[in-house]
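This is what each chain is made of:
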Amino acid sequence: MSLNLEPYTSKSLMEQFFTQLTNGLAVGGIYALIALGYTMVYGVLKLINFAHGDLFTIGAYLGLTLLASFHLADHLGVATALFVLALMVMGLVGIIGILLDRVAYKPLRTSPRLSAVVSALGASIIFSNTIMLVFGPSPKVYPQGLLPTQVLYIFGLPIPIMRLLILLASIVMMIGLYVFIQKTKTGTAIRAAAIDQDAARLMGINVDRVIMLVFFIGPALGGVAGLMVGLHYGQINFTMGWIYGLKAFTAAILGGIGNIPGAMVGGLLLGVIESMGAAYISNAWKDAIAFFVLIVILIVRPTGLLGERVAEKI
Amino acid sequence: MIDLRMIIYAAVSVCWLVAPLFLGNYHTDVLNNIAIYALLGLSLNIILGYGGMFHMGHAAFFAIGAYATAIINTSYGIPVLWLLPLSGILAGVFALVVARPIIHLRGDYLLIVTIGMVEIVRIALVNNVFGLTGGANGIFGIASPTIFGHQINGIVNPKHYFYLLTAFLAFTITVFYLLEHSRFGRALKFLSSDSVAAEGSGIDTSGYKLAAFVIGAFWAGMVGNLYAGKITFISPESFSFWESVVMFMIVILGGAGSIPGVLLGAFLIIGLPEYFHGLQQYRLLIFGFALVAMMIFRPQGILPPKQHTYATDNASEKKVSS
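In order, the protein sequence lines correspond to chains A and B.
In terms of my numbering, the first sequence opens at residue 1 and continues consecutively.
In terms of my numbering, the second sequence opens at residue 1 and continues consecutively.
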């Protein structure tokens with residue numbers, strides 16, 4: 001009897017491990033999308049955009065509002081509706097990102113860097129409280145059944161289709177961004193501005209336009225990540241931005257801040273670490289895991305996994 | 001000539017001292033809260049104002065002081081005020097251990113790490129670490145402080161507690177004023193304005209930064225003791241990340257590095273919303289706008305520190321130049 005039980009147990013352990021892995025990868029994809037916003041802004045402006053997490057929340061709330069008010073799913077069919085919805089959310093949150101930069105950061109370009117950080121904190125407080133005043137303090141629920149809830153079995157291992165879609169969507173967006181940054185002329189301008197703004201200006205690059213673009217793309221990705229969280233978990237609240245934001249920031253640091261592939265790797269890795277830690281170490285400490293990772297990485301290797309070791313400019 | 005500033009400070013102090021005589025218990029309690037946050041702001045000011053380190057985890061040190069008091073008082077019955085130094089020391093030791101490896105981090109990184117620290121502490125408290133902290137419910141039944149056999153109950157009689165807090169506030173202001181004008185204070189201000197030049201002038205920058213962290217934490221731990229004695233029950237809710245943000249705003253809006261600025265900041269952020277109840281729900285929104293506007297138009301805060309002037313020996317200077 002005991003001999004018969006063993007393979008079954010090991011299979012179920014394997015299954016459990018795999019469930020945690022897919023869960024971690026789906027969450028990690030979301031972290032990675034948010035982390036891209038941090039890392040792009042940091043790359044060009046050397047500024048940690050503390051309000052980025054709240055742009056993510058705005059994305060989630062905007063997604064819910066647009067979905068409910070236009071009855072998109074009834075008119076277009078679920079797949080097209082979600083695609084249109086994602087584009088709308090990206091566009092709107094991107095515009096809010098540009099406005100944020102104009103109002104809160106642009107006047108502080110020449111100030112000490114920490115003034116901009118305080119301003120970012122103020123902006124974050126403004127955003128989260130505006131959401132609370134508009135939508136109320138209680139959590140909001142996304143309509144259910146938009147994403148398939150079936151589970152796919154590959155070699156007997158369960159893969160929920162929803163998680164697969166979330167992961168695929170984030171990977172497609174990340175690859176799109178990577179190609180855009182690496183292959184297009186505008187992308188080259190962004191990279192040039194990140195390396196040396198003054199030199200980029202001398203080469204005829206409109207750095208202000210680059211900054212505007214970065215403040216569109218980053219928040220757009222963060223906003224769509226908010227939409228994904230709403231669709232995936234079904235429930236959103238006005239304070240979720242800061243915890244997701246902090247974790248995504250950890251992911252950006254983990255991969256090496258300023259480094260776009262780093263944010264992707266860091267996000268996926270952090271998602272998996274967190275999910276495994278919650279399952280195998282302690283679920284109650286789940287939210288602390290990311291912070292431990294953050295502290296350890298900043299002490300041991302502040303440049304992150306893929307970051308280049310550069311001498312600190314003094 | 002009498003300095004106008006001095007007259008204003010004296011007038012404000014007198015108003016503060018007599019205020020409870022004209023106020024009810026509720027409004028005296030508001031003053032007590034202002035005093036608590038003024039103390040926390042002053043202790044954070046050592047780190048953030050003088051030291052220029054962006055530290056947003058001050059609630060962690062406050063929590064350690066409060067929990068140390070609560071745990072020892074409820075299990076061993078040691079009077080609350082006797083635990084005042086111990087609460088400070090425990091918070092200081094914690095700061096020493098935690099800050100040592102992160103002290104060299106650049107401004108915005110330090111900010112993130114300290115946020116991580118305060119969250120880990122909060123999660124530890126909620127998870128009832130070592131079975132001591134009472135989990136999410138916190139700890140009940142902390143004794144009120146007693147002085148010469150006279151019990152000072154912060155809930156029943158906030159006016160008595162007001163004078164206890166005011167005495168400690170006066171002591172704190174004196175100590176921190178002396179600190180600001182000491183060799184230590186000057187070194188901190190120097191290294192926060194130009195750490196390379198400070199290092200070049202032979203100032204042990206990381207040593208001074210660490211000392212500032214430990215002193216700030218020590219003081220926050222003592223304030224935690226007084227807070228626990230005041231409300232007699234504590235829970236992790238009182239020490240969230242937002243408490244750290246409030247302390248941070250008090251220092252930045254009031255004027256980083258300025259004792260009167262921090263006191264004004266505490267009054268504006270803790271006191272003012274109590275008098276405008278209609279605006280209560282817009283409170284944080286207004287503070288958010290204030291932070292952004294302040295950074296753009298007046299980054300040094302409402303009452304920035306007075307520029308220190310040093311008497312120069314003109315005669316000797318002339319000799320050198322001629």
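Treat the hints with caution; some may be incorrect.
[To be verified] No more than 30 Å apart at the CA atoms, straight line, and that leaves these computed lysine-lysine pairs for DSBU-like:
1) A:K106 / A:K46
2) A:K46 / B:K159
3) A:K286 / A:K185
4) A:K106 / B:K159
5) B:K159 / B:K306
6) A:K183 / A:K106
7) A:K286 / A:K106
8) A:K185 / B:K306
9) A:K46 / A:K140
Simulated from the structure, these hints should not be mistaken for laboratory data.
Checked hints:
no.: 1; hint: A:K106 / A:K46; in the structure: 13 Å, holds
no.: 2; hint: A:K46 / B:K159; in the structure: 49 Å, violated
no.: 3; hint: A:K286 / A:K185; in the structure: 42 Å, violated
no.: 4; hint: A:K106 / B:K159; in the structure: 48 Å, violated
no.: 5; hint: B:K159 / B:K306; in the structure: 33 Å, violated
no.: 6; hint: A:K183 / A:K106; in the structure: 28 Å, holds
no.: 7; hint: A:K286 / A:K106; in the structure: 37 Å, violated
no.: 8; hint: A:K185 / B:K306; in the structure: 51 Å, violated
no.: 9; hint: A:K46 / A:K140; in the structure: 35 Å, violated
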